[in-house]
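K.L.:
Following the hints, position chain D against chain S.
This is what each chain is made of:
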Amino acid sequence: DTGVSQNPRHKITKRGQNVTFRCDPISEHNRLYWYRQTLGQGPEFLTYFQNEAQLEKSRLLSDRFSAERPKGSFSTLEIQRTEQGDSAMYLCASSWGHTQGTQYFGPGTRLLVL
Amino acid sequence: TQLLEQSPQFLSIQEGENLTVYCNSSSVFSSLQWYRQEPGEGPVLLVTVVTGGEVKKLKRLTFQFGDARKDSSLHITAAQPGDTGLYLCAGDNAGGTSYGKLTFGQGTILTVHP
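Which chain is which? The protein sequence lines are S and D, in order.
Per this note's numbering, the very first residue in the first sequence carries number 1; after that it's consecutive.
Per this note's numbering, the very first residue in the second sequence carries number 1001; after that it's consecutive.
The reader is advised that the hints may include incorrect statements.
Unchecked claim - Each computed SDA-like pair below joins lysine to any residue, with the alpha-carbon atoms no more than 20 Å apart:
{"id": "1", "chain 1": "D", "residue 1": "K1101", "chain 2": "S", "residue 2": "E44"}
{"id": "2", "chain 1": "S", "residue 1": "K11", "chain 2": "D", "residue 2": "G1040"}
{"id": "3", "chain 1": "S", "residue 1": "K14", "chain 2": "S", "residue 2": "G85"}
{"id": "4", "chain 1": "D", "residue 1": "K1059", "chain 2": "D", "residue 2": "K1101"}
{"id": "5", "chain 1": "D", "residue 1": "K1101", "chain 2": "D", "residue 2": "V1028"}
{"id": "6", "chain 1": "D", "residue 1": "K1101", "chain 2": "S", "residue 2": "N51"}
{"id": "7", "chain 1": "D", "residue 1": "K1057", "chain 2": "D", "residue 2": "Q1080"}
{"id": "8", "chain 1": "D", "residue 1": "K1101", "chain 2": "S", "residue 2": "R59"}
Stated by the list, open to error - Now the stretches of chain D that chain S is said to cover, found in silico as 3 or more residues with beta-carbon under 8 Å:
{"id": "9", "segment": "1040-1054"}
{"id": "10", "segment": "1103-1111"}
As the list claims (entries may be wrong) - Listing some non-contacts, in silico: residues in chain D with all C-beta distances to chain S over 10 Å:
{"id": "11", "residue": "Q1014"}
{"id": "12", "residue": "G1016"}
{"id": "13", "residue": "N1018"}
{"id": "14", "residue": "Y1022"}
{"id": "15", "residue": "S1027"}
{"id": "16", "residue": "S1031"}
{"id": "17", "residue": "L1058"}
{"id": "18", "residue": "K1059"}
{"id": "19", "residue": "R1060"}
{"id": "20", "residue": "T1062"}
{"id": "21", "residue": "A1068"}
{"id": "22", "residue": "S1073"}
{"id": "23", "residue": "A1078"}
{"id": "24", "residue": "A1090"}
{"id": "25", "residue": "P1114"}
If you're looking for bench data, these hints aren't it; they were derived computationally from the structure.
C-beta atoms are modelled at their ideal positions from N, C-alpha and C, and glycine is treated no differently.
Here chain S stands alone, though its shape is the one from the complex (with noise of 0.2 Å):
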């Protein structure tokens, strides 16, 4: 079992620039989720993936965000058009089950948007 991980790790970009992410979840995981934590907070709900399906996605995620889990195993999450309040630390997790699930999370990306 080697966990979540994520990559890159770290990446800073110009405003107005495309940026993408990807998740790759424990692998007998079925339910892949994206947060994003601002500094001194607690992270907050972006969206989530049961298999290659997204059920539900959160108001802050805007038209300039998209996420995929195209063959329901690692999951990409694009932001386009990038602006400094987009700056934060954008976290993965991954389940199992259909309903209750404790969810183990990724390293993170940090993402600084000058």
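P.N.:
Relative to the frame of chain S, chain D by itself:
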């Protein structure tokens, strides 16, 4: 308005002291998870509590889920410098709205001085 109120936000104590962190909500949760997070890393799961009134112990840490599944506490006995970190509580399925969507508290930054 924060759905899950965590207190205190900051705690600075001497090695050997006891402490309690609280998470309170007006919503009922299906389960509640406690995480510990180091700077620049993702949250690491400490425990999941599911049943109202449940008490779980993990070495010097004691976790309790309220009878009504609306609140929880984390008690640390004889704190050590290695306990220093950010402690987060997270409730699942607030008010029966969505399984898997974790709602986090703001976090408690604990510093244990030698």
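K.L.:
If a hint holds in the structure, say so; if it doesn't, say that too.
P.N.:
Against the structure, the hints come out as follows:
Annotation: proposed proximity of K1101 of chain D to E44 of chain S holds, straight-line Cα distance about 9 Å (limit 20 Å). Distance hint between K11 of chain S and G1040 of chain D is fulfilled; the C-alpha atoms sit about 13 Å from each other, no more than 20 Å. Of the supplied pair hints, the one linking K14 of chain S and G85 of chain S holds, its CA atoms being roughly 12 Å apart against a limit of 20 Å. At most 20 Å may separate the alpha-carbon atoms for a hinted pair to count; K1059 of chain D and K1101 of chain D exceed this at roughly 29 Å.
Only pairs whose Cα atoms come within 20 Å are accepted, and K1101 of chain D paired with V1028 of chain D is accepted, the gap being roughly 13 Å. A C-alpha spacing of about 16 Å is found between K1101 of chain D and N51 of chain S, which places the hinted pair at or below 20 Å, so the restraint holds. Restraint check for K1057 of chain D and Q1080 of chain D: satisfied, since their Cα atoms lie roughly 17 Å apart, inside the 20 Å limit. For the given pair, K1101 of chain D sits about 13 Å from R59 of chain S by alpha-carbon distance, which is consistent with the 20 Å threshold.
For the segment 1040-1054 of chain D, the stated coverage by chain S holds: 8 residues have a C-beta nearer than 8 Å to a C-beta of that chain, and at least 3 were required. Beta-carbon proximity to chain S at under 8 Å applies to 5 residues in the segment 1103-1111 of chain D; the threshold of 3 is reached and the given coverage holds. The Cβ of Q1014 of chain D lies farther than 10 Å from every Cβ of chain S, with a closest approach of about 24 Å, so its non-interface assignment holds. With 10 Å as the threshold on Cβ separation, the claim that G1016 of chain D sits away from chain S holds: the shortest Cβ distance comes to roughly 28 Å.
Consistency note on N1018 of chain D: stated as away from chain S, and its beta-carbon is indeed over 10 Å from all of that chain's, at 24 Å minimum. Every Cβ of chain S is farther than 10 Å from the Cβ of Y1022 of chain D; the closest lies at roughly 14 Å, confirming the non-interface assignment. Listed as a non-interface residue, S1027 of chain D keeps its Cβ farther than 10 Å from every Cβ of chain S; the least gap is roughly 14 Å. For S1031 of chain D, the requirement that its beta carbon stay farther than 10 Å from each beta carbon of chain S is not met, with the minimum near 5 Å.
At roughly 14 Å from the closest C-beta of chain S, the C-beta of L1058 of chain D stays outside 10 Å, upholding its exclusion from the interface. With a least CB separation of 19 Å from chain S, K1059 of chain D remains clear of the 10 Å interface cut-off, as annotated. For R1060 of chain D, the condition that its CB be more than 10 Å from all CB atoms of chain S holds, with the nearest at approximately 22 Å. For T1062 of chain D, the condition that its CB be more than 10 Å from all CB atoms of chain S holds, with the nearest at approximately 19 Å.
For A1068 of chain D, the shortest C-beta to C-beta distance to chain S comes to about 18 Å, beyond the 10 Å cut-off, and the non-interface label holds. The beta carbon of S1073 of chain D is kept farther than 10 Å from every beta carbon of chain S, the shortest such distance being approximately 17 Å. Listed as outside the interface, A1078 of chain D is consistent with that label: its C-beta sits roughly 27 Å from the nearest C-beta of chain S, beyond the 10 Å cut-off. Not every CB of chain S is more than 10 Å from the CB of A1090 of chain D (nearest about 7 Å), against its label as outside the interface.
Against chain S, the non-interface label of P1114 of chain D holds: every CB pair exceeds 10 Å, the least being about 25 Å.
Going through the hint list in order, the structure does not satisfy hints 4, 16, 24.
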